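J.: Sequence:
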Amino acid sequence: MPARTPSRITQPVTRSPLLLAWWAALWMGLLCNWPLWQRLYALPELATARGRLFLLAFMVIVVSSLGALLSLLAWRHLLKPALLLLMPTAAALAYFSGSYGIVMDAEMLRNVLQTDAREVRDLLTPGLLFSLLGLGLLPLLYLLRQPLHQAERWWRRGGWNLLSFGVGLLLALGATLGSFADFASTMRNHKSLRYMINPLNAVYAMVQGLHGSSAAATLAVLRPLGEDAQAPAPGSDRPRLLLLVVGETARAANFSVNGYERETTPRLAQEGALSFKQVTACGSSTAASLPCMFSPLGREAHLDSGKQPQENLLDMLQRAGLAVLWLDNQSGCKGLCDRIPHAQAADMRPPADALCSSDGECLDEILLAGLDERLAALDPARRARGVVLVLHQMGSHGPAYYKRSPKNAKPFLPECENSALQQCEREALRNSYDNSIAYTDRVLAGAIGWLRTQEKSYQAALLYVSDHGESLGENKLYLHGMPYAVAPREQTHVPLILWMPDSTQRAQGLRVDCLKARLDLPVSHDVLSHTVLGYSRVSSKLYRPDWDLLQPCRA
0 MPARTPSRIT QPVTRSPLLL AWWAALWMGL LCNWPLWQRL YALPELATAR GRLFLLAFMV
60 IVVSSLGALL SLLAWRHLLK PALLLLMPTA AALAYFSGSY GIVMDAEMLR NVLQTDAREV
120 RDLLTPGLLF SLLGLGLLPL LYLLRQPLHQ AERWWRRGGW NLLSFGVGLL LALGATLGSF
180 ADFASTMRNH KSLRYMINPL NAVYAMVQGL HGSSAAATLA VLRPLGEDAQ APAPGSDRPR
240 LLLLVVGETA RAANFSVNGY ERETTPRLAQ EGALSFKQVT ACGSSTAASL PCMFSPLGRE
300 AHLDSGKQPQ ENLLDMLQRA GLAVLWLDNQ SGCKGLCDRI PHAQAADMRP PADALCSSDG
360 ECLDEILLAG LDERLAALDP ARRARGVVLV LHQMGSHGPA YYKRSPKNAK PFLPECENSA
420 LQQCEREALR NSYDNSIAYT DRVLAGAIGW LRTQEKSYQA ALLYVSDHGE SLGENKLYLH
480 GMPYAVAPRE QTHVPLILWM PDSTQRAQGL RVDCLKARLD LPVSHDVLSH TVLGYSRVSS
540 KLYRPDWDLL QPCRA
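Numbering (numbering that gives the first Met the number 0), first residue to last: 0 to 554.
The set of hints was computed from the structure by calculation and includes no laboratory data. If you're wondering where the values come from, they're calculated on a predicted model, not measured in any experiment. Glycine included, C-beta positions come from ideal geometry on N, C-alpha and C. Please note: incorrect hints may appear among the correct ones.
Each computed DSS-like pair below joins lysine-lysine, with the alpha-carbon atoms no more than 30 Å apart [said to hold, decoys possible]:
1. Lys515 with Lys406
2. Lys276 with Lys402
3. Lys276 with Lys409
4. Lys333 with Lys540
5. Lys540 with Lys515
6. Lys402 with Lys333
7. Lys333 with Lys190
8. Lys409 with Lys455
9. Lys79 with Lys276
10. Lys190 with Lys475
11. Lys276 with Lys475
Cβ pair distances, simulated, as ranges [stated by the list, open to error]:
12. Ser357 with Asp545: 42 to 52 Å
13. Gly472 with Pro410: 17 to 27 Å
14. Leu302 with Ala554: 16 to 26 Å
15. Cys513 with Gly472: 32 to 42 Å
16. Asn188 with Pro340: 42 to 52 Å
17. Pro308 with Glu454: 36 to 46 Å
18. Leu412 with Ser357: 20 to 30 Å
19. Lys540 with Asp346: 31 to 41 Å
Could you put together the complete structure from these sequences and hints?
T.: So this is what it looks like as structure tokens:
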């Protein structure tokens with residue numbers, strides 16, 4: 000019998016990297032951008048046939064731009080690692096944008112990178128898992144399993160990639176020019192849309208972040224501020240003690256001392272605290288606001304100073320000879336307290352046992368535990384010149400608002416106990432947030448009680464101000480961190496509250512009637528540093544009396 004001819008081994012079908020690149024561009028551009036298409040579809044001005052055509056043109060612009068970008072990455076050993084990064088990112092952004100209205104820019108990227116494990120834990124929901132699985136991991140596994148063409152001459156592959164890049168750009172440009180009037184009008188009237196184009200928003204934010212990091216590395220030398228800061232030598236008067244409480248995610252509109260219909264701050268009202276009602280934050284997130292509000296330069300000059308790291312109000316106070324201490328119940332001080340004494344609230348044991356959970360998350364009353372001992376441990380020579388204690392709250396940090404108040408301090412029920420806020424009843428969500436404000440009222444009342452015990456030794460005062468506000472479903476937005484230019488008032492309108500006993504008012508010659516007459520004047524975070532400098536009697540060329548809330552009312 001003639002010998003059998005061996006059957007040819009079937010070779011697997013290989014794919015062009017460009018084919019996979021455009022497949023991924025279609026998937027991410029169309030499906031992972033469902034929040035963007037939903038938002039556009041709901042716009043009244045796009046309800047006409049012309050508006051629907053513009054929506055299709057916008058889809059072409061997004062998919063073509065993504066295809067052009069991925070064409071540059073369509074190399075055999077580069078494309079799959081790029082998709083491994085981009086597709087899960089796009090799936091996660093789709094969930095957060097669709098569920099909370101969160102958009103991505105360089106500031107939001109910085110917030111993400113600075114998020115600690117506790118905050119991440121609150122954001123892990125079934126909806127996020129389903130989005131990662133359905134929009135990210137399953138299509139990604141399919142793409143990763145596709146064999147690509149074997150190595151070919153680099154110039155041939157580069158030529159095809161450049162041609163594909165050009166085609167993508169021409170398609171995007173053509174769709175833009177064909178709908179330019181609608182495109183320009185829509186992007187002008189709805190500026191937040193530009194931050195919703197997924198995952199191009201993340202790529203742009205990353206490029207901006209890398210550029211900022213390289214600039215910061217180039218300008219790594221810490222810029223000194225207020226090198227002339229001085230405080231008077233100790234005299235016969237009692238030294239001044241300021242308890243500066245930095246709130247978290249508190250919106251001014253939910254404080255009853257500001258006219259809110261619910262009694263969320265009855266203790267502050269009983270204590271006669273003064274609430275400045277028209278205060279604007281200098282950022283919509285902690286990462287942006289905290290360094291800005293502690294800069295004596297003010298928001299505009301702080302932003303204009305570029306990426307160079309610089310000293311802040313706390314450095315000036317310490318240089319002037321005051322005793323300064325930062326106590327934190329949050330994810331850190333964003334570098335503000337690196338050069339002064341500081342401590343983390345969760346490290347305060349054993350009093351923390353009753354206020355902290357097994358995972359290390361503590362209620363804000365932990366900040367008041369052991370204050371006598373902490374004050375006594377500060378340098379006596381510095382204490383004689385004055386003391387500034389900074390308490391950084393967990394406050395009303397979301398989305399797990401129900402965790403921010405103890406079970407015995409929830410006046411508003413039922414609560415939303417779900418981190419997927421869009422799934423909660425509006426009233427339950429409001430209850431859980433208002434309970435966090437009511438608990439802040441309790442914490443501040445406790446701080447005032449402690450300050451009363453210090454009146455014999457110090458001229459005591461409390462100053463409370465939140466870093467930014469919060470969206471609770473208004474215009475389908477939740478949480479915070481919107482780009483400042485388009486951030487809603489709910490995210491930038493913050494409470495600022497001052498309390499001081501009669502003895503301090505008399506010692507400093509402050510007229511309370513004058514202060515009360517100024518409570519409705521519009522101010523911003525710019526006043527914080529200068530009010531603290533003025534109260535602490537620290538002189539410097541940087542000090543601006545017109546930014547000191549107390550100066551106009553001193554006798």
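J.: Looking at the structure, which of the earlier hints fail to hold?
T.: Structure breaks hints 1, 8, 9, 14.
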